[in-house]
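Chemist: Between the sequences and the hints, there should be enough to build the whole structure, so can you do that?
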Amino acid sequence: MNYKKTLLMPKTNFPMRGKLPTQEPKRQEDWEDKHLYEQLTEKNANRPLFVLHDGPIYANGDIHVGHALNRILKDIIVRHRSMDGFNAPYIPGWDAHGLPIETALTKTKKIDRKKMTVAEFRQACEDYAWDQLENQREQFKRLGMIGDWENPYVTLTPEFEANQIRVFGEMAKQGHVYQGKRPVYWSPSSESALAEAEIEYHDKRSPSIYVAFTVTDGKGVLEAGDNIIIWTTTPWTIPGNLGISVHPESDYSVFRYEGKRYVVASKLYETVTEELGWQETEVLTIVKGEKLEYVVTRHPFYERDSLVMTGEHVTLDAGTGAVHTAPGHGEEDFFIGGEYGLEALSPVDDKGVFTEEAPGFEGVFYDKANKMITETLEENDALLKLEFMTHSYPHDWRTKKPVIYRATKQWFISIDNMREDLLEAVGRVNWQPKWGETRLYNMIRDRGDWCISRQRSWGVPIPVFYAEDGTAIVEDETVDHVAQLFRKHGSNIWFDWETKDLLPDGFTSSHSPGGTFTREMDIMDVWFDSGSTHEGVLAEREDARRPADLYLEGSDQYRGWFNSSLITGVAVTGDAPYKKILSHGFTMDGEGQKMSKSLGNVIDPLDVMKQMGADILRLWAGSVDFQADVRLSDDILKQVSENYRKVRNTLRFLLGNLADFDPATDRVPVHELQDMDLYMLECLNDVIERAQEGYREYVFSHAYSAIHHFCAVELSAFYMDVAKDLLYCDHVDDPRRRSLQTVMYDMLVAMTKLIAPITPHTAEETWEYIAGADTEFVQLADMPEPAVIENREELKQRWETLLAVRNDVLKALETAREEKVIGKSLEAKVTIAVTEPVYHLLLELEQPEKLFIVSQVEVQKSETVPEGHSAIVDVETATGETCARCWHVKEDVGVDAEHPELCGRCLAVVATYDLADLEA
RNA sequence: GGGCCUGUAGCUCAGUAGGUGAGAGCGCACGCCUGAUAAGCGUGAGGUCGGUGGUUCGAGUCCACUCAGGCCCA
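Counting from 1, position 850 in the first sequence corresponds to residue 845 in the numbering used here; the numbering is continuous, with no gaps.
Source of the hints: derived by calculation from the structure; they are not laboratory data.
Heads up, none of these hints are tricks.
Heads up, simulated PhoX-like pairs for lysine-lysine below, C-alpha to C-alpha not over 20 Å straight-line: (1) LYS719 to LYS0; (2) LYS641 to LYS6; (3) LYS824 to LYS856; (4) LYS641 to LYS14.
Pair by pair, the computed Cβ-Cβ distance ranges are: (5) MET111 to GLU493: 15 to 25 Å; (6) ASN41 to MET583: 37 to 47 Å; (7) GLN479 to ALA782: 51 to 61 Å; (8) LEU44 to LYS633: 38 to 48 Å; (9) THR511 to GLU27: 46 to 56 Å; (10) MET583 to PRO499: 48 to 58 Å; (11) ASP376 to GLU285: 24 to 34 Å; (12) VAL816 to SER591: 52 to 62 Å.
All residues carry an ideal CB built from backbone N, CA and C; glycine is no exception.
Modeler: If you want it as structure tokens, here you go:
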């Protein structure tokens, strides 16, 4: 007869394969329909708050794998903390202002900015931003993220803008805000500043000139009358020249030509003299660049000094090694000039025409002035050579005309007067990894002032008014008023309303006797937007708190959000807006190289979710050491899928074998558990402790490996393999079986909870199948507590010894298999010789053959065992008949005539079943 | 060029405060099972711990340099 029907085989509808790509979206809909997030916050309402403050994502484009990594990590934290005794809200954030949106709009959509007002254009930007937000929101939800998706924070909302204005006002009040000059890309043809992204390079024909600057004070290194030679392709910037830069580490040659002395970098001496066509030159001496610092030369045609400075930016691959420096006409020039206290002289107006600050050239277009200036240089005997060359030069991407560097008035945040406070605040923050502190510290220590002006449209206006005499008005009264207006009407009014309507009623100023005012048209750097989230979100919302417990972003944000938030936070509250910074690395390809379209090694998270499922991507994120850079490739995903399968099948096996187990009635108390089951409960305790520590300390890979290792090694390869015989063959109510199931049930519940933060879809799916699960969603349950077990150490040692014996048995069985003595292990009888203490352990086992999954075991004492082994194992064919039901080879098979194929044990079990029922 | 970081088996990770032979899982190879079956089990082969040179009785673990990657600046 077929006794298979009398076996208690695993029974479950939990599918072996998850079909994640199609199942996950349904589950996500279910979460939404049943308001899982609201249920969660309600349930945790009275628990301590844990605020993970979300850094805003820029509202443009599809999410990439970096976003996915960042947000999955955050979701793991939120989900875990929510199950670990905290109220952990998640408010997703979007950065919705800024140039990329302007660019996307003008580029992809057919919008002609020139035909619309600023306010209209800004409205178009806002519409676009909301569309992008919607798209990204769906993609994040597809990742399985839990959070307040209906009420995210968005930097373009009136409340947020109002708060941002207040941050600005507070900083102004404390004297951190000032107006200064700084060179920016300027397009005379558009009469506006351009961003880097609006520049394209084309070939341009330019004059190339060598100019001599005569030394007036050689500082004991050079002689008055010596001539430092510079080279430039923009003669028109000579009126703005205030200095000459040399490299401190390079050598400079002083040489004689036709009675005059000249200076160039030694490395370029040959090329320069050749270029100038000078022969019979004579090198007189060589000076290191740093010695030339503070040498004074005379401007070639103005009555003013030109100072020699040293800078690392000076290169020796072209020119003379002495660089013409005009702080108002170049970024590097500006910075080095700043170090030496030079002003950003920029005698050019909006149209690119020289002002009276450039005597002799007033009213001349800069490009036209090139010739005049060159002639003036020649008249002053300073021009050594003129020729023309074609080179790559920045152009306005819209008008295709060349652009220039021009210093304009900008608003700055002064870092100098708050640097000490910032550095101290850095010291009070908890950093993970530890080096984050050094990194941000160095950055704050070395950073210059923060230029917050942007000559753009799509952003928060700088709330400054100007009086008739040009005085800037930044007062509490005006700033607060603007903030209130923005909160009510949005910031578009800044561009729509009359200036007087933006000022408080009856506002007057002694600087405006006529009572008229104008307003600043620059907007704020978007880093000011995101840097204000602690005010606009943490301080504003009921479900948040400042300082946040945690900020978690990619390591690029030390320069970005961590930085800007610190500055505004310290200014507004006196301290950092975060208690802890956790940072993650970047996602590289399988070889550790950065992903790029051209290399074709980019992995799209949307594809991964479509093909494998969000839980696979999440499991990847949970498995890697994210504090350094992480790798992602098809092979890595394949491996993650394999590991997922292992965990999933383990859960499935547990479910299947608990089909007849009702925890309410079938549970066995801990003190009545079989020893092996108790040991496994102890193993579960271990996993719980390790996984919990991994989650709590933000080392998810430890939680992941603890869970996976437990499934693969402890459960699948050992416990469940051994348990099958008892589960299948024993009587349903056999206490040994119920003991097993009790532990398996606890394992199932605990494991489902433990995987929930990383793979919520799979966890919730499993939860649905668990009989007696007391919450609707596992997310609403709490993390498992380790069971109370006595003599844990002793228990562990006992079983570790037994498992070591088992290893030796398995090896011996494999050898026997190779020698064709046996096939499956149940065909074997093993003789195990062990030392005294182990001998007793084995004897204490009621049925040692179960542990080794063999049919018969004989235990012997041995004085010694070979080094590295626990036992001497001999394998032979078991004696007797194979029981048709339990497949063990037994001597007592056939004792009952009615069931000649059964062993005594199976006979007893079968006797309790109504076989007729089973046949039917 | 500067600041910070990473580099242990094909892959993902462990390697405690320097000290018995460098580990795990996955993958791979070979085999078993066919009562977890597009599953399960076993055994095995894989590493000059990026490289070089030091410190030390002894270094994957400390120091210097170097190579390769990465983030942020210039």
